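Engineer: Hey, can you work out the whole structure from these sequences and the hints?
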Amino acid sequence: MTLTSLAFYLFATVAVASSFMVISSRNPVYSVLFLILTFFNAAGLFVLLGAEFLALILVVVYVGAVAVLFLFVVMMLDIDFAELSEGFLQYMPIGATVGLILLLELLLVFGASSTLIDTKPLPQATPDGMTNAEALGRVLYTDYIYFFQAAGAILLVAMIGAIVLTLVPSNNPKKQNIAAQTARTRDDAVETVDVEPGQGI
Amino acid sequence: MLQNLTLILPEMILFLGAMGLLMIGAFSKGDSTRTVNLGAIAILALAAATAGSFANNAQATAFNGAFVMDSFAALMKVLTFVATGIAIIMSQGYMRLEKLARFEYPVLLLLAAAGMGMMISANDLIALYMGIELQSLALYVVAAINRDSLRSTEAGLKYFVLGALSSGMLLYGASLIYGFSGSTNFVEIAAAFQPQDGILPMAQVLGLVFLLAGLAFKISAVPFHMWTPDVYEGAPTSVTAFFASAPKLAGMAIFLRIMMTGFENALVAWQQIIILLAILSMVLGAFAAIGQQNIKRLMAYSSIGHMGFALVGFAAASAAGVSSVILYMTLYVVMTLGTFACILSMRQDSGPVERISDLAGLSQTRPFMAFCLAVMMFSLAGIPPMAGFFGKLFVFRAAIDAGLYSLSIIGVLASVVGAFYYLRIVKVMYLDAPADEVNEPMPRELSILAGVMTAFTLLFFVYPSPLVELADKAGAVLMQDGMVATDMLQEHLAGH
Amino acid sequence: MGTYHAIVFFPLIGAAIAGLFGRLIGDRQAEYVTTGLLILSALLSCISLINIGMDGGTQKIMVLNWISSGGLDIDWVLRIDALTAVMLVVITCVSSLVHVYSIGYMSHDPHRARFFAYLSLFTFMMLMLVTADNFLQLFFGWEGVGLASYLLIGFWFKKASANAAAIKAFVVNRVGDFGLILGMAAIYFSVGSLQFDTVFDSAEALAQGEFDFLGMTVPMLTTICLLLFMGAMGKSAQFLLHTWLPDAMEGPTPVSALIHAATMVTAGVFLVARCSPLFELSQTALNVVIVVGGITAFFAATVGLVQNDIKRVIAYSTCSQLGYMFVALGIGAYQAAMFHLFTHAFFKALLFLGAGSVIHAMGDEQDMRKMGGLRQLIPATFFMMLIGTIALTGFPLTAGYYSKDAIIEGAFAAQAAPHMFGFAMLVIAAFFTSFYSWRLMFMTFFGVSRSSNETLSHVHESPPVMLVPLVVLSFGALFAGAAFAGLFVGSEQTAFWAGSIFTAADNQILIELKQVPGWVVLSPLVMMISGFALAWVMYIYRPSWPSEIAAQHDLIYRFLLNKWYFDELYDFIFVRPAKWLARFFWKGGDGFVIDGFGPDGVAANVLRVTRRMVGLQSGYVYHYAFVMLLGVAGIVSWLMLTGGLS
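Chains Z, Y and F, in that order, give the protein sequences. The opening residue of the first sequence carries number 43 in our numbering; numbering runs sequentially from there. The opening residue of the second sequence carries number 38 in our numbering; numbering runs sequentially from there. The opening residue of the third sequence carries number 1444 in our numbering; numbering runs sequentially from there.
To be clear, the hints were calculated from the coordinates, so they are not data collected in a lab. Computed from a predicted structure; not experimentally measured. Don't take every hint at face value.
Stated by the list, open to error - The calculated DSS-like cross-link candidates involving lysine-lysine, where the alpha carbons are at most 30 angstroms apart (straight line), are:
id : chain 1 : residue 1 : chain 2 : residue 2
1  : F       : K1601     : F       : K2022
2  : F       : K1957     : F       : K1813
3  : Z       : K216      : Y       : K66
4  : Y       : K136      : Z       : K216
5  : Y       : K66       : Y       : K136
6  : F       : K2030     : F       : K1602
7  : F       : K1602     : F       : K2022
8  : F       : K1813     : F       : K1601
9  : Y       : K136      : Z       : K217
10 : Y       : K66       : Z       : K217
Structural biologist: Written out as structure tokens, the structure reads:
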């Protein structure tokens, strides 16, 4: 067993185990932390495949941004997750049974199909003499322009959606009016008032 | 490159149009909803016209085979865009009255339409996924667009969570297929998906199953339908009208394309699954609808059932079958939009009503609306000579010609059970004492639309051949086969 | 030509006017229209009988092409020959008299237009029956009179017993009709036509033919004849299928006179006479006819001895007299049967209408035990009834004397065993006939009145509109025998019938009956006198005897009073098992199986399935997700298990 294989099995096992913990741990903060662990292991797998750019992007974007955002959200929302997961335990046995059956079937199928994989030439992650980022860059705006733009459109929809669903148009928006600010003079802001003795304003 | 851009012109129009309208909406002073609505309708019409101009062209691909344009795609796109446009027209009054009128709604629908166009033309697993996500994400948002309503937000959230699950399944299946065939392109997948010693590679079939589950979710075929009733009921009615029409067309179109082109060699595997989905959908659609009191929920089960009937034609896996599905979907969309035009008109001065019992005695208070709805119900039930009957006739003929006798028998029985709840609505409208729940007049644009749909449904049998020929041509592209449905129609007409 | 159309269709027109426009034109007008049309029809019938009697032959009058389907080509043709002409006269005359009589009898009824419409409809149907030129046409009339009979028996539909009687009459007749239908089917099967002439022409061939039925070989002609006779038994209330006739007395009395005495019940006799070319060739069938006829004559007479309802006595008498007619048919003396039918129509209608007059006078009282001494109160009715009675009992020179004696003598003449049985039955029945007829007269008109003074104070003679028909009929009862004996059974019979009745070459019964020994000729007379004497002793001289005898022979008395327990027997053998079976099919078949698993059950289960399916829709996302996973797992498992991938 080579070191690569060892690393693969390590990352794979931890990834699967930690993703299981994501759904099974009672404390949602732990869940998010396990999710981060899963991302790290997935990043490790990318590295093993020679896609170090993707591995780093995964860590930066998912761990650094998304998962941390999740963590904030979970902590800020005061939700009793234990209550929500009660039903989960109640349906655990039957769900587990079905899941197990499916798992067995998948194993059975993949066990039988392993020979088939060997007959195919494995695709190469990176062309020779090219870095990861360069290789991606070469295809991203050429061969994959359609998909790339489509992904952009999806993100646009997500953005519009987030605004549509959350933005509350206020009646009194505190908007900055630069022209008004610069046009403001002392006379506009200050007023001298003579106050008669013995009387209020 | 120019050819690439030419082929995706309809989607480009939609996408750029959506962005332009977004700008207009964001920067215009005052309420721009009306302008954006009209703009969206115009853009959809333009996109539909552009798509229609490809109808007679030979098959052409773009972006290294990821995107395909042929007469099937052209027809389905025209239908989808027109359906979306009608959904926007129908939504205007409702959204205004419900204080939901926002310029983002037509923009999101335009983007969804672009996604649907991408789905219909997808010839690659990634393109398929991109199209589906673009469409779905927009749908999740519009489902929850009434964000002050608990039911609407719940609907949006449910749809989103389950949609994510289905996307997960689809992706899992896609990755398996890619892993075992080495390509994401449908044509190459088909080439790699060869039976070995008469046995299909099980791992690829497994991928197919997961992919199929993801697609079945989009057309809400049983058992991947669970979201449908809740979302249909929870979402604002105008959104439900849209959900029931265009996305179903697009979903069915890509479903047909991927099975007929990418997995043509795996027919024995998916045919069984489609038969199973068809039976379950028809039966559940027929039975579960009976217990409904809410007309939107009822329409949800109705659309589940109709997807089952369309899948009957699908299961035939023949040119006749494909064109029967196209025809069925077209008629289904017309009937559904017509029905929703009526449902959208169910209003009191205090707001919309949705219970079936609110329709009591409608024939006396709103005779025109009752007539339109009755025609739609008869047609949905498949009673001749309404258009719905011909849809069923063609799918069952296709199934019988393919030797699927028991499927056809179950289908006919299910449609008998289904007729019960459609006719119950007619009974409530025509025979029950007026409840006077619906007391607002029918808005003008809705009555025009309902009238047009009703006329189409009623008079389809007079001159059905243009649509049948179109469906045949589109079906022939997928199957490279003769124009079977046209022959069937000739035969049928000659029989009378 | 037009004459026969008029005879047949006048009643139909009358029925249509009275039935459809009765409310519009009023009861009185409806009565006049129907009665007037029938009198016209009757006059035309009499003319046609004279014509037929003079020139003979068979006329066929096309009405229209009725059914033309494949090999079956049936025209609607009026067949007029002597047999039909006799029936036409009987039907239209009695019917018109009954119409007239009903104007008086029904004067207090609120639904007179309907009643007259039914009466005319019946008359039309009866005319259809007798003018038939093929079996299908005959069957149309046959069922039509059955329908009219049903409607008229149940005319007072608010009376439960009337409805029950109507249904009983209909159902029992269906048993007979079943035989008739089978007979027709057998004829069509073997001959390929239902046209009388065609069928009769192939009678010889049929006599040679055989059916293969359930592995048995049965003679063709005999089977057909027996099946047809079964139909005749039902219509003519012969033994075993007689039970409906006494109950049919629930209908208005004029109906009893017309349908259940003079016309419809004789349809069976007519059928056999019409089919004489067939029956004549099957001795077996004829023997069966004799035996059934003889038993009916005897049986009905015995039951008539002890009945107390005035109409029931006459009803059993009718039944018994029909037995006479069938014996006559059985011995081959079709002419004698028709003769008795002809005379019987007069005196039995007379008796019924007379009884109706009595009932009318007594304020709807039918029980003879509550009558008595009415002779002085309603003398005219008494006189008419007397004429009817002597005619029925066969007093010399009255109508019954000629026809009945001819039958009794004919039965003796052939000397064969079935014939002698018939002869014995008829002679005994003649004694009983005399007894019960006089018993009726004595109980009703003689002795001391047994009714309340209140009733007696209202007793009145019937109005002229009721008495005139009685007078007309009494003329018939007195003189029809003497006038027509020569034509029907005497020397001129061959010329009169002119081939409308077929007799085999060796059938010389009408000649032989003139050559029987003297004691045979005298026996009916003796029986009649002794019956009269016994009745006189028991009801005038020693009125206490009947009850004493009844007490002493309680068993026999009750056996007779309960009509040989036929109703109870049928109730036990047929009605109860049928009801049990019906109940079984209702509760078990329909209720449990059809409703349980059929439409209702399916509908109920649809709702159950619906509830379960709707119940799946819990609203929980994880349920939904689970269902999706279950779907995927299920599909994968199914594909793996079935291995449907090759």
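Engineer: Would you check the hint for K136(Y) and K217(Z), treating anything up to 30 angstroms between C-alpha atoms as holding?
Structural biologist: At roughly 25 angstroms apart (the allowed maximum being 30 angstroms), K217(Z) and K136(Y) satisfy the hint.
Engineer: Check whether the Cα positions of K66(Y) and K217(Z) lie no farther apart than 30 angstroms.
Structural biologist: holds, 15 angstroms
Engineer: Is the straight-line distance between the alpha-carbon of K1957(F) and that of K1813(F) 30 angstroms or less?
Structural biologist: violated, 45 angstroms
Engineer: Within a Cα-Cα threshold of 30 angstroms, do K1601(F) and K2022(F) meet the stated pairing?
Structural biologist: Between K1601(F) and K2022(F) the Cα gap is close to 24 angstroms, so the pair holds against 30 angstroms.
Engineer: Given the proposed pairing of K1813(F) with K1601(F), does the C-alpha separation stay at or below 30 angstroms?
Structural biologist: holds, 25 angstroms
Engineer: Hinted pair, alpha-carbon criterion (30 angstroms max): K66(Y), K136(Y). Please report holds or violated.
Structural biologist: Holds, at about 18 angstroms.
Engineer: Is K1602(F) close enough to K2022(F), meaning Cα to Cα at most 30 angstroms?
Structural biologist: It holds: about 23 angstroms lies between the C-alpha atoms, which stays within 30 angstroms.
Engineer: Would you check the hint for K216(Z) and K66(Y), treating anything up to 30 angstroms between C-alpha atoms as holding?
Structural biologist: Holds, because 17 angstroms separates the two Cα atoms, which is no more than 30 angstroms.
Engineer: Assess, step by step, whether the Cα of K2030(F) is no farther than 30 angstroms from the Cα of K1602(F), and give holds or violated.
Structural biologist: Status holds; Cα separation ~29 angstroms.
Engineer: Does K216(Z) lie within 30 angstroms of K136(Y) when you go C-alpha to C-alpha?
Structural biologist: Judged against 30 angstroms, a Cα distance of about 25 angstroms means the pair holds.
Violation of the numbered hints given earlier is confined to hint 2; every other hint is satisfied by the structure.
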